[in-house]
Amino acid sequence: MKSVAPILTVLAAIVVLWYGAAVWLNSQWIYDQAARAGTEVTATQVLTETMVQDRPVLPAPHQVAQGLWQGLTGQAITSKRSLVYHGWITLSATLAGFVLGTVAGILLSVGIVHSRAMDMSVMPWAIASQTIPIQAIAPMVIVVLASLGIKGLLPKAIIAAYLSFFPVLVGMVKGLRAPEGQQLDLLSTYNASRAATFWKLRLPSSMPYLFASLKVGIAAALVGAIVAELPAGASSGLGARLLSGSYYGQTIQIWSALLTAAALAASLVMVVGLIERATLKRMGMAR
Amino acid sequence: MKAPVIEAKDLNLTFETNDGPVHALKDVNLTIDRGEFVSFIGPSGCGKTTFLRCIAALEQPTSGVLTVNSMTPENARQERSYGYVFQAAGLYPWRTIAGNVKLPLEIMGYAKAEQDERVRKVLSLVDLEGFGKKFPWQLSGGMQQRASIARALAFDADILLMDEPFGALDEIVRDKLNEELLKLWARTEKTIGFVTHSIPEAVYLSTKIVVMSPRPGRITDVIDSTLPRERPLEIRDSPEFLAIAHRVREGLRAGHAYEE
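As they're listed, the protein sequences go chains A and B.
Heads up: the first sequence begins at 1 in this note's numbering, then just goes up one per residue.
Heads up: the second sequence begins at 1 in this note's numbering, then just goes up one per residue.
If you're looking for bench data, these hints aren't it; they were derived computationally from the structure.
From the three backbone atoms N, C-alpha and C, an ideal C-beta is built for every residue, glycine too.
One or more hints might be untrue.
Rough simulated footprint, nothing fancy, chain B against chain A, three-plus residues with beta-carbon under 8 angstroms [what the hints assert, rightly or not]:
{"hint": "1", "stretch": "47-53"}
{"hint": "2", "stretch": "166-176"}
{"hint": "3", "stretch": "235-246"}
With a straight-line cut-off of 30 angstroms between C-alpha atoms, the simulated DSS-like cross-links for lysine-lysine are [what the hints assert, rightly or not]:
{"hint": "4", "chain 1": "B", "residue 1": "LYS112", "chain 2": "A", "residue 2": "LYS200"}
{"hint": "5", "chain 1": "A", "residue 1": "LYS200", "chain 2": "A", "residue 2": "LYS215"}
{"hint": "6", "chain 1": "B", "residue 1": "LYS134", "chain 2": "A", "residue 2": "LYS281"}
{"hint": "7", "chain 1": "B", "residue 1": "LYS112", "chain 2": "A", "residue 2": "LYS281"}
{"hint": "8", "chain 1": "B", "residue 1": "LYS208", "chain 2": "A", "residue 2": "LYS281"}
{"hint": "9", "chain 1": "B", "residue 1": "LYS121", "chain 2": "A", "residue 2": "LYS281"}
{"hint": "10", "chain 1": "B", "residue 1": "LYS26", "chain 2": "A", "residue 2": "LYS200"}
{"hint": "11", "chain 1": "B", "residue 1": "LYS134", "chain 2": "A", "residue 2": "LYS174"}
{"hint": "12", "chain 1": "B", "residue 1": "LYS134", "chain 2": "A", "residue 2": "LYS200"}
{"hint": "13", "chain 1": "A", "residue 1": "LYS215", "chain 2": "A", "residue 2": "LYS151"}
{"hint": "14", "chain 1": "A", "residue 1": "LYS200", "chain 2": "B", "residue 2": "LYS121"}
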């Protein structure tokens with residue numbers, strides 16, 4: 001309970017700052033309107049009108065909350081205007097990409113740890129892959145796959161995987177190499193095979209590293225899925241909501257979609273955290 | 001006359017380092033017979049651990065002949081001729097004590113029922129009955145080291161190699177474990193190679209004490225103990241014990257004088 005007060009204080013401070021910024025940023029439009037009409041506006045008028053604009057530069061928190069609520073509950077969740085619908089589209093691509101990326105990351109890390117040739121050849125490419133902006137890669141993947149007749153979930157999942165495999169790869173390489181000399185020597189005295197060493201020692205040792213990477217990876221997968229929705233001219237998904245919002249100056253819609261994405265990311269990371277705790281507890285590694 | 005369990009003839013091992021070659025072992029000759037308890041004692045860098053690691057095929061000698069059970073160390077390793085106890089217990093934190101002891105048995109492909117039977121047997125051998133379901137962090141350092149000894153005993157190799165197994169433990173726990181180790185040795189009739197820093201520990205435990213000295217790592221004295229096999233802790237105050245300890249100390253000092 002002790003932590004509630006500080007959390008609420010920080011939250012309140014953010015809301016106050018946000019309202020202040022909303023008044024400051026949105027007032028310009030009101031002054032411009034008044035100047036054009038040749039009328040005067042009082043400070044109170046400015047204050048009230050900055051809170052209720054249709055297309056504010058920065059929507060006030062209650063407007064975003066309203067937009068969010070409207071988006072989540074205002075219609076059937078299958079409706080094109082429902083944030084639940086769009087959230088699910090993005091979530092499904094995120095999860096598919098996350099699974100793809102995790103599997104790829106783990107497989108590559110196993111190869112890298114066991115083969116010196118792979119260590120030398122794969123790692124530089126993996127690092128290079130992450131230095132290319134995803135915004136540059138995403139349209140190409142979408143276009144190429146579309147020309148092959150692959151549309152919908154898979155291209156988005158591939159882009160999500162492109163971002164999420166890397167943290168898993170780096171974490172697992174570190175994790176699989178975590179066992180030190182003495183533990184490897186011990187298995188050597190048992191004349192253990194490489195396979196036995198992998199299953200009995202390397203893989204269990206890597207679990208804490210794996211989960212740390214998965215948390216980064218699942219958030220990255222979400223970013224990838226959203227970015228993948230931008231160039232496709234997709235009509236559904238949180239990315240599409242962001243894009244159409246910015247086309248039509250629907251700032252409230254943009255912020256609602258942003259908050260939905262943030263909440264989604266937080267929940268996904270939390271779910272991974274829960275699985276981590278349960279797994280490590282079962283393995284006797286949590287104290 | 002039975003063949004010796006471990007035999008080293010003119011064994012040399014040189015590590016190539018950036019600062020030039022390091023003679024970890026120089027002209028080591030040693031014979032260990034079945035059922036002996038042999039301690040290796042000497043200052044850091046004298047090659048005692050390196051020699052143990054050569055026996056276990058964890059290091060390759062540069063020249064000379066080393067046989068374990070009349071085989072090369074590599075073949076002996078493949079035959080699973082020895083259990084090795086390291087200075088750190090090195091139990092897997094994600095396995096229970098029983099799970100840890102079972103590890104070599106799983107790797108060596110023992111049947112499930114036999115695994116359980118052997119785990120039960122060796123845990124009682126090291127006085128850890130009832131702790132099988134605990135995780136390592138729930139046990140004290142001394143108990144963890146006993147579990148690691150049980151792990152080395154589980155597959156019933158006839159040689160037990162121990163590299164300063166009690167080095168990290170306090171004096172009182174160490175005394176108790178030394179006593180238990182002697183009993184265990186008497187019951188299992190294994191051949192034990194034991195690396196230590198401690199003169200009383202070496203004299204108390206061993207039938208043969210190998211005194212080594214550094215730069216180059218070599219044997220300066222081999223002392224056959226005259227103490228009886230049955231050894232209560234009080235034997236450490238007997239004149240016979242002190243005489244052997246004195247000779248070990250002399251050997252260590254001679255090794256050091258060489259350096260100056």
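Structure-based check of all given hints:
1. 47-53: Violated, because only 0 residues of the stretch 47-53 of chain A bring their Cβ atoms closer than 8 angstroms to Cβ atoms of chain B.
2. 166-176: violated (count 0)
3. 235-246: Coverage by chain B is violated here, the residue count being 0 at a Cβ distance below 8 angstroms.
4. B/LYS112 - A/LYS200: Holds, at about 16 angstroms.
5. A/LYS200 - A/LYS215: Roughly 24 angstroms separates the two Cα atoms, so the pair holds.
6. B/LYS134 - A/LYS281: 13 angstroms, holds
7. B/LYS112 - A/LYS281: 25 angstroms, holds
8. B/LYS208 - A/LYS281: Roughly 47 angstroms separates the two Cα atoms, so the pair is violated.
9. B/LYS121 - A/LYS281: 28 angstroms, holds
10. B/LYS26 - A/LYS200: 37 angstroms, violated
11. B/LYS134 - A/LYS174: Distance of about 28 angstroms is within 30 angstroms: holds.
12. B/LYS134 - A/LYS200: 19 angstroms, holds
13. A/LYS215 - A/LYS151: Roughly 28 angstroms between the alpha carbons, so the hint for A/LYS215 and A/LYS151 holds.
14. A/LYS200 - B/LYS121: 23 angstroms, holds
Of the numbered hints stated above, those contradicted by the structure are hints 1, 2, 3, 8, 10, listed in ascending order.
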